[in-house]
Amino acid sequence: MAGTTLTATDAVERRLRGGTTDWRSWLLEGALLLSLLIALGILLVLLADIVATAAPVFLERPSDFMTSPLSARPEGAGIVQGLVGSLLITLIVSLVALPIGIGAAIYLEEYARDTAINRFIRTNIRNLAGVPAIVYGLLGLAVFVTVLGMGRILLAGGLTLAVLVLPIVVITTSEALAAVPGSIREAAFGVGATRWETIRSHVIPYAAPGIFTGTILSLARAFGETAPLLLVGAIAGTFSSSGGPIEQVTSRYTTLPTIIFHWAGYPQDEFRALGAAAIAVLLAVILVVNGAAIFLRNRYDRKW
Amino acid sequence: MTATTASPPPASAPLDLRIAPARRRREATVRLLFLAAAAFSIVISGGIIFTLIGNALAFVVQVDPAALWTDGWFPRRGMYDIKTIVAGTLIISAIAMVVAAPLGIGAAIYLSEYAGARTRKVLKPIIEILAAIPSVVLGFFALAFISPTLVQTLFPGTPLFNMLAAGIAVGILITPLVASIAEDAMHAVPAYLREAAYGLGARRRTTSIRVVVPAAVSGIMAALILGVSRAIGETMIVAMAAGATGGSLFNLNPLDQGQTMTAAMTALAIGSDQVRGAALTFESLYFVGLLLFLFTFALNLLSDSFVRRVRRRY
Amino acid sequence: MLSLAMVGSLALAGCVTTPTDSGGGTAGGVVISGSSTVEPISSLVTEDFGVANEGFEYSVDGPGTGDGFALFCEGETDISDASRPISEEEIAACEGAGIPYVELKVAVDGISVLTSNANDAVTCLSFLDLYALMGPEGDGYGNWSDQNDLADELAGELGEEFGTSNAPYPDASLEVTAPGEESGTYDSFLELVFKDIAEGREADPVARAGYTASADDNVIIEGISGSDTSLGWVGFAFYEENADVVKALEVDGGDGCVAPTAETIASNDYPISRDLFIYVNTDKAAENSTLVEFVDYYLSDEGIAAVEEAGYVSLAPEALEETRAAWDGR
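Residue numbers (the working numbering), protein chains in the order written: chain L, 1 to 304; chain G, 1001 to 1314; chain H, 2001 to 2330.
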């Protein structure tokens, strides 16, 4: 036995006595912690940079910025058209993607037996979730704008994003449903409930927090998407908006991320500040929504 | 004793235990509805493949093969050099992985093996929030901060639009994804493996690196592959910060501008329906889309196979 | 979340609602697309017109003169902004689709040749230099000095007709950021600077392949200002707007070095001046009274003031009268 290596007994003794570990361990732990801190630090730098650049806009004309339409003059430009567009699109996405997505997940988790076609559907959905967003833009352009002849209206954009978000809704809902233990279902079957009655009265209420979190995260994702909408007709320019919600859904539109993309192309400082301010609003919405979803999930997360 | 039970029906007629017809009909309808919802996903896939292949085929059939191997990607002039945009995509993805792999996996190991339960409860949600930042914000950040303050200071003489800044931003984008999946994989390693190692007197460092990471290696590979897949499909950051929006020469220098497959598609589609230029300019959009779809599809299948390996072991 | 989204969007939609008396749709509105150079002018005019006329529906964007004409000749836009005159092909396309139009000159623009503020080595370039550095025969995409041989060759062949050569060029990396083929500014530059030289050399008058092209003039400014020894060209208004981050070079078209200013452009001393146009679909004008009112406003003294606000050079009074006559007599 070499005199310099530690035996197991020595190591345990040392540890119990609270002796320091060797420097290599410190180094590793330090490096790992550093990587975590860098990741978080980037977030902080980004937020700080955005807030600093956006400060002039928010200090001078906060409410005007939120309620003015787009303009060629930076002093008067605002994001209200983008906010309305984004909200209406999120609405369309929730009305279309949530029912279909949750329905599909219920089928796959509760009804489907392990046949080839059901396995195929599952693999298919997993693959769709990994398809880049811009490919959905191509699909939207070809199907909704051209073949169905809608033109470049908000409805086409909303449907495109609904299709994009659908696989994610299915996957998160499936996971929530799969986490409900079998005993819950069997309790319902035991008193003579049909499958649908079981799902409705036993499974869904227990899986509800997970489903809720998943849908919120999907909608937040749709809120921040830009690339597919550029292909499907979101305007990066100036235009007038009018009419009630129905009319807006069937006309040209823009969204908050599209406005950011457009303003980022202007080198003038005023537009930099406007772009940063729009980002601040976008981030505020997304971070609040995501934060709420995560908080609720942690709160209602049941351990089986 | 008085018999209070009802007298059974005559022996010849069995009990009807079937559920009421109305209930049964409702049950069947509901099942059909949900089946339709699930089958709709096939419709979507079919739609994607059909649209992409249809238009891409039109391109492939009509394009002059010489146009596919030229000095650069200039679709409006009829120059469709594929290796330019593929090279751009690979360079940006490589830079992104150089950033995301160490940061993501390092953060994952720390969270899984070193952080206490309370720290984990705070830090994990913060990482998930980082994952929620839209790419357009990171594109703006690349243009306004990473390029001028970082890249142009380290490498003076670099243009404002360059692939390094875009690559770093894409790396930041996918770090939370890699960290999250890798951390889940490591967390899923059963306690008895760790305890066995500690029982032999191993330090935490040894346990993490020699026991947990190898056990979770399939999940970590899946995380990396998914990261690459996401980096390849990333559009907004490269459209805003990598430059070369009208076209690009074949270029391997990250300190220069470059165009990726996704940025090429954006540049083509922003103009108008009938993009001007050589006749096949619009179809080339779908051709690039098909290439992109095939790339990411293959990567996702690969990552799936790694994940299945993990499931099988435990 | 769902109900919140519904309530939120309905409330905000109320904020942007302007009372419309027409039946909605674009029948009473104006759709403008085309040149990103002219876009700032049209944006300002539509906005001001909208302020004076409640319920005015409009949309303005700037994907490029060429793309704008493509939409215009399909009947999808009412007005096409253009930083060059309509081309033969486009005339044929519009005729084929049965779209009559009227060409209205609205402003004068000089195309400024720009380099970054940090570049002290160069102050003046002649057409000959521009052709050598950015024309079709430019090769060796890296360095200014790579074009020295070509410049000497051209000087030998062409003499002073297109200005004196400023070779040898500095030994620095050459980053060119300029408009792309869909842009009218690209076409104008080629027409004014390269065409004659290219014809003499029997070369195709296009810009060399290795440059950063964009239809978005703002992106061009960003690209030029962000690199130390860059070169490019963009409409004068965009230069003026960003004079603190880019430097305009003097241009020698055969008569000595002239710097681009409002005066030299208006007087045609600056050799790269061109006209800016709007093309109006006369069929649509016949059906859409709002469109007519809008163009009337555009050409009125109040509306045309947007040209200077956007940073371009106003037409001389006689030219403006000609345009108004063309509109009235459509």
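Possibly wrong hints are sitting among the right ones.
[What the hints assert, rightly or not] Example chain G residues on the side facing chain L (calculated, C-beta under 8 Å, incomplete): (1) ALA1022; (2) SER1041; (3) LEU1302.
[To be verified] Quick list of simulated restraints, FRET-style, between CB atoms: (4) LEU1032/G - GLU2089/H: 20 to 30 Å; (5) VAL12/L - TYR1192/G: 14 to 24 Å; (6) LEU1032/G - LEU33/L: 46 to 56 Å; (7) LEU1032/G - ALA208/L: 19 to 29 Å; (8) ALA208/L - ARG1309/G: 28 to 38 Å; (9) ALA1058/G - ALA2266/H: 47 to 57 Å; (10) ILE1049/G - LEU44/L: 21 to 31 Å; (11) ASP1184/G - PRO205/L: 34 to 44 Å.
Calculated directly from the structure, the hints in this document are not laboratory data.
Every value quoted in this text rests on a predicted model; they were computed, and no experiment measured them.
Glycine is no exception: its CB is placed at the ideal position from the N, C-alpha and C atoms.
Hint by hint, here is what the structure shows:
{"no.": "1", "hint": "ALA1022", "in the structure": "11 Å, violated"}
{"no.": "2", "hint": "SER1041", "in the structure": "5 Å, holds"}
{"no.": "3", "hint": "LEU1302", "in the structure": "11 Å, violated"}
{"no.": "4", "hint": "LEU1032/G - GLU2089/H: 20 to 30 Å", "in the structure": "55 Å, violated"}
{"no.": "5", "hint": "VAL12/L - TYR1192/G: 14 to 24 Å", "in the structure": "19 Å, holds"}
{"no.": "6", "hint": "LEU1032/G - LEU33/L: 46 to 56 Å", "in the structure": "54 Å, holds"}
{"no.": "7", "hint": "LEU1032/G - ALA208/L: 19 to 29 Å", "in the structure": "24 Å, holds"}
{"no.": "8", "hint": "ALA208/L - ARG1309/G: 28 to 38 Å", "in the structure": "33 Å, holds"}
{"no.": "9", "hint": "ALA1058/G - ALA2266/H: 47 to 57 Å", "in the structure": "49 Å, holds"}
{"no.": "10", "hint": "ILE1049/G - LEU44/L: 21 to 31 Å", "in the structure": "43 Å, violated"}
{"no.": "11", "hint": "ASP1184/G - PRO205/L: 34 to 44 Å", "in the structure": "26 Å, violated"}
Checked against the numbered hints above, the structure breaks hints 1, 3, 4, 10, 11 and satisfies the rest.
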